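Counting in numbering that gives the first Met the number 0, the first sequence runs from 0 upward without gaps.
Derived from the structure by calculation, the hints contain no laboratory data. Check the hints yourself; a few may be wrong.
Below, a list of computed lysine-lysine pairs in the DSS-like style, where the Cα atoms sit at most 30 angstroms apart [to be verified]:
| # | residue 1 | residue 2 |
| --- | --- | --- |
| 1 | K385 | K471 |
| 2 | K486 | K778 |
| 3 | K455 | K417 |
| 4 | K476 | K174 |
| 5 | K486 | K471 |
| 6 | K124 | K455 |
| 7 | K649 | K120 |
| 8 | K417 | K120 |
| 9 | K789 | K778 |
| 10 | K471 | K455 |
| 11 | K61 | K18 |
| 12 | K778 | K385 |
| 13 | K445 | K486 |
| 14 | K471 | K445 |
| 15 | K476 | K385 |
| 16 | K385 | K61 |
| 17 | K789 | K417 |
| 18 | K486 | K789 |
| 19 | K120 | K131 |
| 20 | K471 | K778 |
| 21 | K61 | K124 |
| 22 | K649 | K611 |
Pair by pair, the computed Cβ-Cβ distance ranges are [as the list claims (entries may be wrong)]:
| # | residue 1 | residue 2 | range |
| --- | --- | --- | --- |
| 23 | E178 | P410 | 41 to 49 angstroms |
| 24 | R257 | Q423 | 40 to 48 angstroms |
| 25 | I128 | Q270 | 45 to 53 angstroms |
| 26 | Q423 | E163 | 24 to 32 angstroms |
| 27 | E275 | S339 | 25 to 33 angstroms |
| 28 | K471 | S594 | 52 to 60 angstroms |
| 29 | M333 | A590 | 37 to 45 angstroms |
| 30 | P410 | S739 | 21 to 29 angstroms |
| 31 | E178 | R296 | 40 to 48 angstroms |
| 32 | T330 | A590 | 36 to 44 angstroms |
From a predicted model like this one, the values you see are computed outputs, not experimental measurements. Backbone N, C-alpha and C define an ideal beta-carbon position, used for all residues, glycine too.
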Amino acid sequence: MDVLEGLNSAQREAVQAVKGPVLVLAGPGSGKTRVLTHRIAHLIDDYGLRPYQIMAVTFTNKAAREMVSRLEALIGSDTSRLTIGTFHAICARILRREAEHLGLSSSFVIYDTDDQRRLIKRVMKDLDIDTKQYRPVRVHGAISRAKNDLITAETYQPPSYLYEAIRRVFERYDKLKFENNALDFDDLLLKTEELFRMHEDVRQHYQGRYPYILVDEFQDTNKAQYELVRWLAAEHRNVFVVGDEDQSIYSWRGADFRNVRRFQEDFSDAQVILLEQNYRSSQTILDAAQAVISHNRQRTAKTLWTDNSQGAPIQMFEAYDEREEAEYVATEIMRVAQESDRSLSECAVMFRTNAQSRVLEDALVRHGIQYRLVGAIRFYQRREIKDVLAYLRLIHNPDDEISLLRVINVPTRGIGAKTVGQLQSWAASLGLTPGHGLLHLSQMAKENRLSETPFKTRARRLLSEFAVLYGKLADAKHEHSLSELLKFTLEETGYLTHLRDGTEEGEERINNVRELFSVTDGYNNYTPAVALARFLEDSALYSETDEIDQDADAITMLTLHSAKGLEFDTVFIVGMEEGICPHSRALEESARDGSALEEERRLVYVGITRAKSQLYLIRTFRRTLYGASETREPSQFLRDIPTGLTTGNKVRSALARRRTAASPERSPTSGLSGRDLTRQRRAIVQRARERREVARGGGGSRDSSEHRSTGRVGNLSETKPLPSRRPVLPQKERPVVTQSFEPGDSVTHHIFGVGTVVSSKITGEDEEVTVAFEGRGVKRLMASFANLVKN
DNA sequence: TTCAATACAATTTTT
DNA sequence: TTGTATTGAA
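Please work from the sequences and hints to get the whole structure.
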């Protein structure tokens with residue numbers, strides 16, 4: 000198949016510019032992903048490159064996966080040798096291979112934001128730095144930003160004496176992290192850059208290995224990433240970067256769209272190709288987007304154009320308050336869906352802050368509209384998942400103190416701060432990390448040498464019990480498959496029992512943990528040790544931001560940030576008010592420096608350009624924020640849009656608004672006082688939520704797809720369960736409880752062997768069985784997990 | 001050590 | 001208003 004077929008001339012040019020540096024400036028909806036995949040296909044099919052000579056960097060794992068599948072459809076040849084991934088994933092791989100050059104162990108774990116903050120807090124406590132004056136979050140931000148700029152603890156120059164404390168934290172944080180055999184997200188980039196800079200032979204190896212490099216979303220690279228690209232491309236200079244300054248919305252994470260300019264300076268012979276034809280939006284929408292973004296000063300002007308028709312005017316609406324706003328969105332969605340016979344999946348509601356989603360959810364539930372909330376609480380950030388992962392990480396890497404501290408008293412074992420402190424100093428006195436100290440302790444316990452330790456009776460007992468438990472888990476990693484290890488860990492630690500607190504939330508947490516098995520099952524082909532390492536790596540770098548299932552008949556609710564890269568037929572942007580969009584923080588900052596406001600404008604630009612044919616820009620007259628209700632001003636960005644492109648501009652009088660808000664057709668419960676109305680509505684939402692619970696929990700198939708993914712999915716009905724939204728691995732059937740156990744029953748467990756049932760009780764959907772195993776002690780097991788067989 | 005009361009702060013989040 | 005982190009009593 001001809002990979003050039005169906006491409007316009009600019010796209011074609013970009014695909015065929017094989018040699019030398021190329022910069023593609025790609026407007027929204029201009030087919031840049033298409034260009035990237037077709038270019039790779041061209042390199043392989045027509046140019047005769049081997050897949051392993053190409054490195055393609057994307058910004059999310061999801062984008063990488065998408066590119067692979069598109070590519071496979073395009074060329075059908077083997078893509079497994081291609082290097083496609085995020086900077087972080089590619090760097091992690093390189094670092095593990097080259098660990099020895101940096102004095103690292105290749106089994107390092109990767110600390111996420113949460114781990115980083117915990118460690119920073121600890122460091123601040125150690126250094127006796129006031130966490131009120133210096134917020135750990137801020138300190139972390141400062142350190143992370145420095146690292147993104149390739150600044151290390153040694154080269155960090157405190158901008159004022161206030162920052163001297165931060166420098167000290169930075170130094171100790173890095174040192175401790177090293178002792179924990181861990182790297183944080185930022186280190187992955189920083190250390191790889193260091194590797195290339197300090198080790199010429201290594202650098203040459205990778206330069207030779209990857210003569211062709213492609214980078215997507217180049218406007219969102221930070222300095223570290225920029226330098227990495229520079230090192231890699233220095234030899235062959237076949238570097239192809241794609242970006243759009245106008246869509247740079249992550250500067251607060253260290254991204255610097257000026258890298259686009261920098262690229263043109265550093266590679267002065269770069270071909271610059273503009274993709275200006277928009278295939279996505281109506282003329283009206285494109286015009287509005289251009290009108291908004293043209294007010295930014297720091298940008299290269301572009302001439303976006305489209306062959307698409309003028310399309311419908313942009314619908315403006317001022318609601319009385321956020322409830323009416325939500326109500327309006329819900330009724331409009333129903334109207335649009337009915338009139339145009341479109342799937343709900345063609346609709347999206349976007350907002351600046353996550354806090355805005357709640358009222359919307361309520362309205363959608365009331366109207367029975369199915370929705371998907373992107374990026375609520377991410378699966379891997381859930382407490383229960385992080386706890387379990389911390390156990391596995393500790394099993395993998397005993398030096399990981401952050402993980403140890405996380406789990407040492409979860410479930411509560413009576414090991415508090417004081418005992419932990421004793422353990423730390425005892426281990427330190429032996430020259431061990433606390434994790435290795437525990438392993439040592441477990442050995443001593445076996446040899447009856449606990450009296451040689453300084454711990455007092457209670458602490459000695461509790462600590463040694465935990466040490467023995469940990470020793471057992473650590474031993475188990477060599478024998479069992481990953482899923483078995485996970486199961487063993489859950490059983491031995493009693494973690495699931497700990498979660499089962501009788502609340503529905505507890506059940507949900509248990510289900511989440513169970514969901515982990517569907518992931519670990521995918522690693523069972525590897526040898527145990529490799530499986531554990533791979534799994535930890537993948538889970539650290541994997542975020543299922545939005546496994547958006549395009550087919551599900553549900554609308555999508557998401558922040559403007561997470562909307563980047565997506566498109567919808569109809570888009571609602573709510574909260575178009577000063578203080579929300581642009582956000583008040585940005586307004587404060589822009590008093591000193593206009594760039595914060597420019598980024599807010601880009602955010603709106605991104606939002607607008609997601610829409611294909613219909614756009615709604617909605618604001619309120621009055622809104623309750625942090626418990627206080629205040630009148631609001633329309634967003635300044637609305638003024639940028641010519642009135643000729645819009646409709647519904649009339650602002651009704653305050654009186655009329657109030658009447659609308661309480662009008663009979665909107666409120667079936669009219670006649671009630673405001674408070675009663677609220678109560679009534681709450682009851683309705685509550686009932687709808689309960690129905691949802693029933694739909695998910697009760698009866699036949701226990702598809703828990705809505706828990707598995709990042710976001711929540713609302714309004715699941717019995718008849719239409721959403722398909723699984725975690726495409727990573729196929730879901731395995733959970734063992735169903737088919738037996739019930741009586742005290743005295745003799746049972747067999749595949750790890751613990753033969754035992755006798757002591758007691759059994761039905762809890763929720765499961766059965767909790769207490770069994771005395773011969774020589775292995777008394778265990779409490781979940782019947783659905785344990786696969787107990789009656790003898 | 002644990003749990004409940006209280007204080008406090010509050011964007012955005014590709015890794 | 002809401003969620004989380006810290007503090008103080010049992």
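For each hint, the structure was consulted:
With a CA separation close to 21 angstroms, the supplied pair K385 and K471 stays within the 30 angstroms bound. Taking the CA atoms of K486 and K778, the gap is about 13 angstroms. The hint holds against a cut of 30 angstroms. Annotation: proposed proximity of K455 to K417 holds, straight-line Cα distance about 12 angstroms (limit 30 angstroms). About 28 angstroms separates the Cα atoms of K476 and K174, which keeps this hinted pair within 30 angstroms; it holds.
For the suggested pair K486 and K471, the alpha carbons sit about 13 angstroms apart, so the restraint of at most 30 angstroms is met. Between K124 and K455 the alpha-carbon distance is near 25 angstroms, which keeps this suggested pair within the 30 angstroms criterion. For the hint pairing K649 with K120, the CA-to-CA distance comes to about 52 angstroms; that exceeds 30 angstroms, so the pair is violated. Straight-line distance between C-alpha atoms of K417 and K120 comes to about 17 angstroms, which keeps the hinted pair within the 30 angstroms bound.
Among the hinted pairs, K789 with K778 is consistent with the structure: their alpha-carbon atoms are about 16 angstroms apart, no more than 30 angstroms. The hinted pair formed by K471 and K455 meets the criterion: a straight-line CA distance of about 23 angstroms does not exceed 30 angstroms. A threshold of 30 angstroms between alpha carbons decides the hint, and for K61 with K18 the separation of about 28 angstroms falls inside it, so the pair holds. Proposed proximity of K778 and K385 is supported: the alpha carbons are some 24 angstroms apart, at most 30 angstroms.
Between K445 and K486 the alpha-carbon distance is near 24 angstroms, which keeps this suggested pair within the 30 angstroms criterion. A threshold of 30 angstroms between alpha carbons decides the hint, and for K471 with K445 the separation of about 12 angstroms falls inside it, so the pair holds. Proximity of K476 to K385 is assessed by CA-CA distance (about 19 angstroms); at most 30 angstroms being required, the pair is judged to hold. Distance restraint check for K385 and K61: the Cα-Cα separation of roughly 21 angstroms lies within the 30 angstroms cut-off, and the hinted pair is therefore satisfied.
Among the hinted pairs, K789 with K417 is inconsistent with the structure: their alpha-carbon atoms are about 44 angstroms apart, more than 30 angstroms. Note on K486 and K789: the hinted pairing holds, with a Cα-Cα distance of about 20 angstroms set against a maximum of 30 angstroms. Of the pairs offered as hints, the one joining K120 and K131 holds, with about 11 angstroms between alpha carbons and a cut-off of 30 angstroms not exceeded. The suggested pairing of K471 with K778 holds, with an alpha-carbon distance near 14 angstroms, which does not exceed 30 angstroms.
Between K61 and K124, the direct Cα distance comes to roughly 38 angstroms. Violation of the 30 angstroms bound is thereby established for this hinted pair. Restraint check: the Cα-Cα separation between K649 and K611 comes to about 25 angstroms, which is no more than 30 angstroms; the hinted pair holds. Checked against the given bound of 41 to 49 angstroms, the beta carbons of E178 and P410, roughly 27 angstroms apart, lie outside it. A C-beta distance of roughly 45 angstroms is found between R257 and Q423, which places it inside the suggested range of 40 to 48 angstroms.
Distance hint check: the CB atoms of I128 and Q270 are about 51 angstroms apart, consistent with the given range 45 to 53 angstroms. For Q423 and E163, the hinted distance range of 24 to 32 angstroms is satisfied, since their beta carbons lie about 27 angstroms from each other. About 29 angstroms separates the C-beta atoms of E275 and S339, a value consistent with the hinted range of 25 to 33 angstroms. The supplied range of 52 to 60 angstroms is met by K471 and S594, whose beta-carbon atoms lie about 55 angstroms from each other.
Take M333 and A590: their Cβ atoms lie about 42 angstroms apart, and the range 37 to 45 angstroms holds. For P410 paired with S739, a C-beta distance near 26 angstroms keeps the hint of 21 to 29 angstroms intact. At roughly 47 angstroms, the beta-carbon separation of E178 and R296 lies within the given 40 to 48 angstroms, and the hint holds. Taken as a hint, the range 36 to 44 angstroms holds for the pair T330 and A590, whose Cβ atoms sit roughly 39 angstroms apart.
Hint compliance for this structure: hints 7, 17, 21 and 23 are broken, all remaining hints hold.
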